[in-house]
Amino acid sequence: MDANKTAALRAWLAEQIAACEARRTALWADERQDEANFARIRANIFAIFRTILSVAEERPDGAAFFAAKLTELPAVWRAALDRAEQHDDATAVCMERIKLEAAEEIRIQFETIGRDTP
Amino acid sequence: MTETEVLRLFKCLSDKSRLQILKSLAMEDMYVERLAERLGLTAPTISFHLKKLVEAGAVTSYKSQYYTMYALRREVFETTILELLREKSDEAALQAQRDAAYRQKVLDNFFEYGKLKSIPAQRKKERIILEEIVKVFEPGRIYPEREVNLRIADFHDDFCTIRRDMISEHLLERDQRGYWRVQDGDLTEC
Chain A
31 MDANKTAALR
41 AWLAEQIAAC
51 EARRTALWAD
61 ERQDEANFAR
71 IRANIFAIFR
81 TILSVAEERP
91 DGAAFFAAKL
101 TELPAVWRAA
111 LDRAEQHDDA
121 TAVCMERIKL
131 EAAEEIRIQF
141 ETIGRDTP
Chain B
11 MTETEVLRLF
21 KCLSDKSRLQ
31 ILKSLAMEDM
41 YVERLAERLG
51 LTAPTISFHL
61 KKLVEAGAVT
71 SYKSQYYTMY
81 ALRREVFETT
91 ILELLREKSD
101 EAALQAQRDA
111 AYRQKVLDNF
121 FEYGKLKSIP
131 AQRKKERIIL
141 EEIVKVFEPG
151 RIYPEREVNL
161 RIADFHDDFC
171 TIRRDMISEH
181 LLERDQRGYW
191 RVQDGDLTEC
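Keeping their order, the protein sequence lines are chains A and B. The letter at position 100 of the first sequence is residue 130 when you use the numbering used here, and the numbering goes up by one with no holes. The letter at position 53 of the second sequence is residue 63 when you use the numbering used here, and the numbering goes up by one with no holes.
So that you can see chain A by itself, here it is in the shape it has in the complex (with noise of 0.2 Å):
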């Protein structure tokens, strides 16, 4: 991958997390425990990525390789929401849609980056 790109997307990436931490202690001092738990959850989504991003960038197919994944990871995300809206599983179905909103939102920035940055 190149290593501009590398390193937006890193910096976003911790940029999401800290932002999540941030929005979760506040939650959490706020007495909403549930919603701060879905904070946590969003965060570890965003760490996640940054993981596979540090491998990415040790491939010579770095870029489709992190591509891959965004496909892949969503797609086990999206049957494990299916399974939880059939069983009428509200706290499932909430952890399962806060994962792919993010995943969503790290395509989106992922293709931004590869097209914005020089």
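No lab work stands behind these hints, which were simulated from the structure alone.
For lysine to aspartate or glutamate, the following DMTMM-like pairs were computed, each having C-alpha atoms within a straight-line distance of at most 25 Å:
no. : chain 1 : residue 1 : chain 2 : residue 2
1   : B       : LYS61     : A       : ASP118
2   : B       : LYS61     : A       : ASP64
3   : B       : LYS26     : A       : GLU61
Remember, predicted model here, so these are calculated numbers, not experimental data.
Add chain B to chain A, keeping to what the hints say.
Coordinates of chain B only, in the frame set by chain A:
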């Protein structure tokens, strides 16, 4: 409401977002999008909280035209906390077992070969001892003081103290005719 249900309700209420939802529903019945707009939360988050509130028995839902409306279960919130505390515990049998074990331990510690070694200083322990000794008196029979003293003296020399304490603990009653054992059902809360 069972103990498990009470615990689930209290756990569910200990969340600010859910409390805000309940406050809104206390004013009027609402649907998800209306609550989301009012509380500044996303619709999925509101749905998540409502699901928990429904499971805890705090909220109920009904269909109205195209909407699923949510309503406060007012009868749940009209129950006082004291009423909930007075509900029989799910662990009643276990607690009874523990109480019986404690009682036996006290009896073993203070009795030796049927004699009372000493009168317990703690009221709770003395009560257990007195309840054991009072069994020598037949329910419904009136005893003269002399016979009461003799029967208690079989357990301990200080029969006066024990007799007086049995009266104050409402295990024995007395009038001009003599003393009699209070039936278990007649016992006042001590």
